[in-house]
Amino acid sequence: MRQLSRIGLRLLLAAFTLLGAATAAFFALRLVPVDPAFVILGAARGDQVDISPEVLAAVRAEYGLNEPLLVQYGMFMGRLLQGDLGMSYVQQVPVTSLIASQVQPTLALAGLGTLLALVLSLSAAILTAGRRLPSGLASVLELTAASTPVFWLGFLLMLIFAVQLRALPMIDDGSLASLILPAVTIALPTAAPLAQVLRQSLEDVLEQPFITTARARGLSIMTVKLRHALRHAAIPYLTMIGFAFGALLGGAAITETLFSRPGLGRLLIMSVSNQDLPVVIGVVLLSTLAFVLVNTLVDIVYTLVDHRLNEKTAATPGEGAAASPDTRTGTGADAEADMRTGTGTDAERSGA
Amino acid sequence: MSAATTLIGETRGPARRRTGVIGAGAITERIILVACLGLLGLFAVFALWPSLLTWQDPFAADRSLILAPPSLTHPLGTDEIGRDVYTRIVYGTRSTLALGVGAVLISLTLGTVAGLLAGLAPRWVSMIVMRGNDIGAAFPELLLAILIIALFGGGPVNAAIAIGIAGIPYYVRVIRAETLKIRRATFIEAAHGLGLSRTTVLVRHLAPNALRPVVVIATLGLGGATLAGAGLSFLGLGTAPPAPEWGSMLSNARSFLGLGWWAAVFPGLALTLFVASTTIVGRRIQKSLEGRR
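Respectively, the protein sequence lines represent chains A and B.
Counting along the first sequence from 1, when you hit position 112 you're at 112 in UniProt numbering, and nothing is skipped either side.
Counting along the second sequence from 1, when you hit position 127 you're at 127 in UniProt numbering, and nothing is skipped either side.
Among chain B residues calculated to face chain A with C-beta under 10 Å, some are: (1) 146; (2) 151; (3) 152; (4) 227; (5) 231; (6) 234; (7) 236; (8) 247; (9) 250; (10) 254; (11) 267; (12) 268; (13) 269; (14) 272; (15) 273; (16) 278.
Quick caveat, the hints were computed from the structure, so don't treat them as lab data.
The beta carbon of each residue, even a glycine, is placed where N, CA and C say it ideally should be.
One chain only, chain B, in its complex shape:
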């Protein structure tokens, strides 16, 4: 909850400075932000402890209730072999989000290392890193991920790695641009002027500041990576059925669209809500970081 209060505290700052009073817009914005954080918290509970919020089995098929519409026992209906859609969404959260989180961690780690290197290393090293990065960025992201899967096989782990690798070029560019900006900043000159060693300046002053946008791009990237992961599962290249996963649930529901809209609508709604929440929270963090500068 501490993250929530910090963020809300941040909303208040700039709004007051500008208008003197908190306008209706700022209040709506704050309500939306709290709702998003609440949703993300709910998804976190789904992912970490699915049995807390549902008592049914995601694999239990009730043959007498095939594609049953939403009811009291099955709040979001049942799917084509009579499994509870709500329960499958809850249990599918972990595998769906794991793809996104895994991919972001991979892009983040490798992208940060390469970005810092490109920003700090001698010209020719930077040149090699950046030209290599251009080649990576030349491939459309999702197609690069599909290519990697074609080469090394599908499945959830490979899908996360593929999306992670495909995302690296973007992280490298942002981190490098930030590093270059900060390397020329006066406080770095001052640190050098005070006679601090190069390593101290790098570790204590440069890196922490250059890495500040990382929080923002990781939060914002999480939505995109999760979408890509669910997309790959939808195409049958990520998490495979019968394991519950939002993308593959949608893929299953495709053939029964006319018979039971709920099996397709709700998993997609969960995914959209998750992505929109990460985007809104990410932008909030971005704004507060920019305000601090």
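Looking at chain A on its own, in the form it has when it is part of the complex:
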């Protein structure tokens, strides 16, 4: 029951956040010192173009720019709820169809990238945790990967595998092989902090007495890690996945530009230079939706994984109302701190 209400609360909070994000996007759009009518008519910022007042008025009426702000806001939110993101200023087609035409390559990139990052981080952390030399070595590699700019890493991979070895295509040609380099480029910096945090919390857990008990029962180190330690170390890792997903979305814009791949990131950057604000807002809102969904999912998963969270709320009924959102933000912030610092100690402490 407590779990259910917790999940319900999370969903409500997510919906509220998305509503807020959309509202912020709308008002930001209206705050801009650029008259949308000029952009629609093909005149970018600062250009002096003679456009007759009649034409301007017609465009304003067509796009509803003459209505009071609140009415425009209502129209915007109403359309948004129906999945309508408006018309592109520059290309005169619905933003949704522009996005739909570009979503597949980005999904492929982000999907393969996430998969690689998960496999890499899990195996790196589980194999090296608790072993002095491999663990030290891996953390040096992880620090390097986490500090490397996505675009530079992409260059290095291109230089090695496309220019020197000629093993993989450098530029997108639609084949699966041309997806490998971009996916690795995006996966390495994502995997590095994930692995750091997981190993750190695995090592903390491995020092607990119950691990010694399990070992005394004759279980091998690997079994103990997989069956006992992993579950306890999962919380900071899970939180971090949500956070890393956000970095992945940003990284996609850079990686797509770098590898000349089609996709949402390229569409976004192109629209920024074209001043095509509805498309920019559409892409950013869509990414935000994905980001919030992933984070909410992560939260729900860890109420299922970690029963301590539920017990805590049950044990202190007086603080119950405050505790539910607070524990969430608390662990979230701590794990985020770990994401940047690469240590799992804080999150582990607050989880324990």
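Let chain A serve as the given structure and place chain B on it in line with the hints.
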């Protein structure tokens, strides 16, 4: 140099307490730390006084030496119009780091104010700040920065502001969490019990302690913010060519990757070294602060 000695002093403390003798690990750690501080010092010299360590002009193009490999006169080679890559890295340090430092200062100032407010103000104020913060945090950071640039235009100043704003939610969470923790601490109760006024407790006891993690998150955040800034310049939304900046240098080198790897490799190496150094130093400070608690 005083910062260096303090930090090294700190490394010695916990290591001895734990093992009795300084192990090989602690020594390696100390060497790495000193190397990082040295690198950061070098970058600081690059940024503050670029002509001290290079005698060439970052804009001077030698048409006879297009994409020349590293040599004695051009230690890191030349770029696609014959400019010295090393000199451009040195001169580019200021604009590259300025984006990161500017962004951190913005997130730090606004994030600290909002975080303290959320930690200390009445419940409903805190509620409003935190829900607003959740909305900000809902956007992926780099995309939020790109959105802000799309709305208000590109360029180095706007890029720094955009990254700074996008970073605020994280600072608010950390400062608020710290404030809440310290507000309940015994020494604050004791201060109240001694009859000190609320303002005195806030200014003299609460704020200094709640702000302690600021040093850590700012140092650690500097790396990320600098990466984001160079990323925006790489995308053509930050510092624009021909001004030397590491991100835009990389963007230029992109078309000539097969012809001259040095033009792409070295600016990126400088950026990676800078980010890794700030991270290592930041973690060191964090450890020493935690040890003191």
